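Numbers in our numbering are just positions in the sequence shown, counted from 1, shifted up by 80.
Hints listed in this document are in silico derivations from the structure and should not be mistaken for laboratory results. Where hints are given, some of them may not hold.
In silico lysine to aspartate or glutamate, DMTMM-like type, Cα no more than 25 Å apart, as pairs [said to hold, decoys possible]:
no.	residue 1	residue 2
1	LYS444	GLU429
2	LYS403	GLU303
3	LYS403	GLU424
4	LYS450	ASP417
5	LYS403	GLU438
6	LYS276	ASP203
7	LYS276	GLU303
8	LYS250	ASP293
9	LYS276	GLU211
10	LYS446	ASP417
11	LYS276	GLU266
12	LYS228	GLU218
13	LYS403	GLU339
14	LYS265	GLU339
15	LYS276	GLU365
From a predicted model like this one, the values you see are computed outputs, not experimental measurements.
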Amino acid sequence: KASFGPNRTLLRAMALTLGPAFALPHAPSRHFTSGSAQLGRRVEGSSPSRFAGADLVAGTRHAACASALALLASASLRKSRLHRAGGAVGRGGGRSRSVALRARAKKAARVVEEFPPHALMVDVAVIKPEEGRGPEEEQAVADALMRKVGVRSVAILTTPGSGQEHSISKVRWLAGDPNLVVAYKEASLTFHLDLKRRLSRLHRSQGGSVERDRLRGLVQDGERVLVLGAGFGLTPCVLGAHSPCSEVIGVDPDPVAHEFAEENITFNRLDGTVSHIVGDPFDAEFLSTLGMFDRVCAFLPWQRHGCELSLSQIVAPAVSVVKPGGFLHAYARETGDEFDAGSELSRSEVAKACPGREVEFLFKRKVPSKAIGPYVWRVVLDFRLS
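Sequences and hints are given; from them, build the entire structure.
See the structure below:
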């Protein structure tokens, strides 16, 4: 019998390497002692969303599991023989053999099934339609994606959008659970969104989760914060829950996004700090009714009515409600040459939108660092206005 007692280090490495492939389809064999049974109980007791059970494990993963188990048994027997022979396991030759076997086991377990291209939104895989691919082929793709661990449903885009129009794209259910409501978690908060009604880039939206972490570190005690283009309440809720601000107001023109924003604010118990309003973020008269703010985050589109907007046109409504000495976080699109040219052009564009006020440039970076188009990036620009 293979003894796992002297080989627990390798056993733990195998469990971390194989992950869901190590979930044994049946009870542990009589050839394995309590060590393997304990590992089996640990895997079976793991989160069901991550380890969906042995029935969902692909055949390739079973092959990897069998190969790795054989290596593990071989390593255990060799270690046992070294113990019986008085060998120093854990140093010298015994350790080198153990390391070599562990590396071979990891290599054997590294069998990854190839899946069709898709975007994973929490536990819903979304695919794009392709020209010449009929319903039968689409269903075959959906069935293949359902074998991926963590996929609950598969949907397909019916009106593909891009850039600022991505949020109005629609999806159609193909396989799995027909309920396409996802629960996205960030910063200890939970956000619900029905993908049948609205899509979102989730952790990549509004500059990304890294940018939201940066913003909440900048907010000072007692500030009033305005978020333009707030969507379903992601940035307002994160700032309201994890910064010392006194109030956060989100504005978005989409009534569907507003519906989910209010639900998310209530679900995360932020009603006293965060609020959401349906309105046009480009309407300066409407924004003036909300009062003045210490900090304004402008997640605004760079196109309006089919025309591309300059930075001064994008931030013009936002600067009108920034208090003297307040901060503006503007999100714009720049080419690589514009980004490398420095900050003076951006500062002059913002100054054009608020004549008579002094504009101080503070910070600039790409959010995210990956290009959103051919040699085009989305950037954040921080300013202080006198």
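Hint-by-hint comparison with the structure:
1. LYS444 <-> GLU429: holds, 14 Å
2. LYS403 <-> GLU303: With Cα atoms ~11 Å apart, LYS403 and GLU303 stay inside 25 Å; holds.
3. LYS403 <-> GLU424: holds, 22 Å
4. LYS450 <-> ASP417: holds, 16 Å
5. LYS403 <-> GLU438: holds, 12 Å
6. LYS276 <-> ASP203: Within the cut-off at roughly 14 Å; holds.
7. LYS276 <-> GLU303: Answer violated: LYS276 to GLU303 is near 36 Å, above 25 Å.
8. LYS250 <-> ASP293: Not OK: LYS250 and ASP293 at ~30 Å, beyond 25 Å, violated.
9. LYS276 <-> GLU211: holds, 22 Å
10. LYS446 <-> ASP417: holds, 13 Å
11. LYS276 <-> GLU266: Distance ~21 Å between LYS276 and GLU266 Cα, so the pair holds.
12. LYS228 <-> GLU218: Within the cut-off at roughly 16 Å; holds.
13. LYS403 <-> GLU339: Roughly 29 Å separates the two Cα atoms, so the pair is violated.
14. LYS265 <-> GLU339: Distance of about 18 Å is within 25 Å: holds.
15. LYS276 <-> GLU365: Violated, because 34 Å separates the two Cα atoms, which is more than 25 Å.
In the structure shown, a violation is registered for the earlier hints numbered 7, 8, 13, 15, in ascending order.
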